[in-house]
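Trainee: Each chain is listed here by its residues.
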Amino acid sequence: MCLGIPGEIVEITDSEKKLALVDVSGVKRPVNIACIVDDEHPVESCIGDWVLVHVGFAMSRIDANEAKITLDLLNELGEAQAEVEAMQASGQ
Amino acid sequence: MKYVDEFRDPDKARALVHEIESLAQQLDITRQRPLQLMEFCGGHTHTIFRYGIEQMLPDSIELVHGPGCPVCVLPMGRVDDCVALAERPNVIFTTFGDAMRVPGSRKSLLQAKADGADIRMVYSPLDALDLANNNPDKEVIFFALGFETTMPSTALTVLQAEQDNINNFSLFCNHITTVPTIKAILDSPDMQIDGFLAPGHVSMVVGERPFDFVAETYEKPIVVTGFEPLDILQSIWMLLKQLKENRHDVENQYARIVPADGNAAGLDALSKVFELREFFEWRGLGSIDHSGVKMRDDYAQYDAERKFSVPNLKIADPKSCQCGEVLKGTIRPWECKVFGTQCTTETPMGALMVSTEGACAAYYNFGNLDELLNKRNQKSQLSAASA
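Residue numbers (the numbering used here), protein chains in the order written: chain A, 5 to 96; chain B, 12 to 398.
Hints in this document: simulated from the structure, not taken from any laboratory.
Just a few of them, taken from the derived set where beta-carbon distance is under 10 Å, the chain B residues facing chain A:
#, residue
1, E30
2, S135
3, D138
4, G157
5, S164
6, F238
7, L241
8, D242
9, Q245
10, W248
11, A266
12, V269
13, P270
14, E368
No experiment lies behind these values; they were computed from the predicted model shown.
Ideal Cβ positions, reconstructed from N, Cα and C, are used throughout, including at glycine.
Next up, chain A with everything else stripped away, as it sits in the complex:
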């Protein structure tokens, strides 16, 4: 119950009740999007957004930029280590 699952908002089904269809790994299910709608993100603008769905509610809009920053950092760690390993293995 505490683990969410990412999905993409594909259709607004009830603008007033803030209900949308979210595609989660190919399965479409009605999801309440009240928690991710605000002045900056009106209901109709949410189509195409990736969200984390918990028990039928979109609880967070996934920040693609932040995801990239985290992955870039992890990539750098991996590359730095590959470099060190190459240095250590060099000539052996």
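Starting from the structure of chain A, add chain B where the hints point.
Mentor: Quick look at chain B alone, frame taken from chain A:
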């Protein structure tokens, strides 16, 4: 799957483990004793076992599995209350699937269902509200369970019921709060935790600031953490870096999901519907002040505790069960007297064996059972010899 597979890359995991090993060697603490890091959340415990993260880490780092599994800390009396509500005539009792098998003093919800009670598993509280809408002659009760993560969803469902004028819907509210519980752990006298992985999805709702006290008052590093294996490893690395640099800050590893201020609409809904209870009873941990919420008077008509009579009896856990000691981290799950013998995932005695997020179920499902039972026997022989 987008935003999931990237955080499961084994090459990146190896690189992180390498960094963690080298940092762990540089710490003063690890020369005297293993470093103890607590993951509070049961979701993290599940990831740690599923991906064998403990086995990847050096021996100088121990993970302590915290009490953050709402099903696991539910006292037996509350399960009895659920069964009593479910067995009332004309009631449809709805619950998340996780809670079905938790033993009560008489029976679990699953047994009550087999005995004829109308109990239905739902994925969302909104599905329970739909049931109420479609069955106007029945009383539909939703078993509201979970930390702050699930509070906005149940609160919004109640607000929806009010708006749609659905009067045959109510909550049996058992939501619990994170901060008082972390504080209770930090205040316990035998506490020796060096750093915390903060629950990512609770933080998604409440934001980072509620954890400031861990860093400021208790001077422990804490990192808001996601649920993929790389998230956990990266957060451990961030905790070690803080310890190395003698810092104790609140950091956010899970910024792709957790905004610093949390979710405004969610917080607004939950504070509209819920207020703090004076105390809440936890399995194994006893009563913790302000660690649960109840429904505000304005929403009394949606409160199953006020709408129906609920027995609300305190029931002691079975004597042989050591869930409490496991929850506090005093013993490891496999050190419990009944682990893997009388208490298994097929026939759970304690709640920690029931939920997939429970520490005992995690050890039972993902550990080497024979090896763990041998370890326990050796340990008890040793303590018998020294006594």
